[in-house]
Structures are given as C-alpha cells and as structure tokens.
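Can you build the whole structure from these sequences, using the hints too?
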Amino acid sequence: MNRKLLLSAFLMLAISFGFSQTKEELQAQKAEKQAEANKFQAEANALQAQIDALPGWRVGAFGTIGGSLSNFNNWYAQGAPNNSSGNIGFTFNAFANKIEDKYFWRNSLTTNLAWVKLDNKDIDTDSDDFEPTTDVFNLSSLYGRKLSEKWAVSGLMEYRTTILNNFNDPGYLDVGVGATWTPLDNLIVVIHPLNYNFVFADNDAIFDSSMGAKIVADYTRQIGAIAFKSNFSTFQSYKSSDLSNWTWTNSFSYTLWKMIGVGFDFGLRSNKQEALNYALGQFDPMGTADEPTFDNVDNDLQTYYTIGLSYKF
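Under our numbering, the first residue of the sequence shown carries the number 1, and numbering increases by one thereafter.
Mixed in with the good hints there might be a few duds.
As the list claims (entries may be wrong) - With a straight-line cut-off of 25 Å between C-alpha atoms, the simulated BS3-like cross-links for lysine-lysine are:
(1) K239 to K272
(2) K102 to K150
(3) K146 to K98
(4) K102 to K39
(5) K33 to K23
(6) K39 to K258
(7) K98 to K23
In short, the hints are calculated from the structure, not lab data.
Spelled out as structure tokens, the structure:
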C-alpha cells in the first residue's frame, strides 16, 4: 500500500513538473515571437512614415453616430406618462490634402447634425417629428507656396453656415492671404492679417461684413486605433470687436473592431452677432426688459457634444 502511495505521489510530481516546464517553454517562445513582432512593426512604421512623406494626395474621413429612442405608456411617475422620444446625431470629418515639394493644397469638411423628438401622446399641440438641434457645416480650402519646410505664403477660403435650419442666414465666407506655419507634420497654423469676412444674412442691421485678421490652427492625426481632429478658427474684425467670432471643434474616435468604434465630438463658439440676433427674436416689446443691443446682450458661450458609435474610411 505504501509502495502504491509513493508511486502515485511520484507520478503526480512528475506530471506537475512536466506541465511547469511546458509553461515556461511556451512563455519563452512567446517572448521571442513578441520581440520579432515588435521589430517588424517598427520597420513597418518606418516604411509608412516614408510613404506619408512622399508628395501626392492624402485623403481620409471619420465620424461619429449617436442616438437613442424611448417609448413610455402609462408611466405615471413622470409628468407625461405617454410619450415617445428620441435623438439622432452624427458628425463627419473629411480631408483631401495635396502635398508637393514646392506647394500644398489642403481641403477639409466638418459637419455635425442632430435631431431630437419628444411626442406627448396625450396632447395634439406638440410635434411628433424629429426637429433639428445641432447644425454645423464648415468647408475650408488652403493653398500655400513654400518658402521653407516650415513657412509658406498662403491663401485661405473658409465657409461656415447651418444647413438644416436657416441655410446661409447667417453664412460666413472668409477670404484672405498671409502666411502658414507648419511646425509639425500634423499641425497647421494659418496667420492671415489681410482677410475679409463676408456675412450673409437677412438682418443686415445686426450682421455686417468687415476686414480683419484670420487665425486658424488645425491638428489632425491617426495614432493606431485612435483618430482625432482639433480645429480652432477665429476672425478678429478691424471694424469692431462686436463683429469678431471664434469656433473650436474637436473630434475623437477609437476603433474597436474593423472600421467601427466609439467617438466623442464637442465644440465651442462665441459670436456676438448671433447672440444679439437670437435675443431680438425672443424680445417682447410689450415687456419690461430693455431691448437687446450689442452693448447689453449676453454673449453666452455656445457649446455642443455628441457621443456614440464611430466609423472611419
């Protein structure tokens, strides 16, 4: 009996030792393969960097889709027990850049559109349609002749408006010349002291075109599964600070599987002309409040954000 127990213990110890050796061998093999993979990935990244540096076109696009739908019946704990609601939004960022030894031509498109619906089934006065909420459209084209690796003389055309509501009312068209600085491959800084800001609007008593300075900073990059774009654009009017404005938009996406991932977009804007136009639309002449003017209007910060699934091309 003792001999059987001793033999069994020896056999178990031998099996355990065998498994231990196999695990250590597998880990060693994995480490060798991982080192080889890292080496080949570094070589592939270096080759891609050389490809990216070659003259020619560079194109790309990515965006975010977000949304939710809900329906309630006899949910008495809330004020409207019978309702359906939903929101849908998407962003789209695209670029087409031609980079040559002596010149560049950079084009970009940014849109952010969203709709929302709240239908109270117990009343007939509300809308059961999806109504537009977020409405952003921006198209720009920058051409430059290189003076050096970092500097170029350039001309810029940038158009901004809304397309779901009040198309081109207002709309902004900036046309100017100056210099472009490219301190990094993915960072573009435009400095145009000679720029005319054309403003298109029905209410020309508020919206006014003027000469001023245009400054744009754009950073677009892809790092592995992460893509992001940040764009800051400002116009500083020489005529009046009331006619100045700035917009800062940001888009991030993380690829989880193939071309699908998660995305986050947010934007900030300040525009006193738009603030005054909105305030006058809400003003009641029969009320006690003073009529809004450029001097007393609250130019609150404009913001938006979208979270949802992301996609890229």
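Which numbered hints fail:
Hints 4, 7 contradicted; others consistent.
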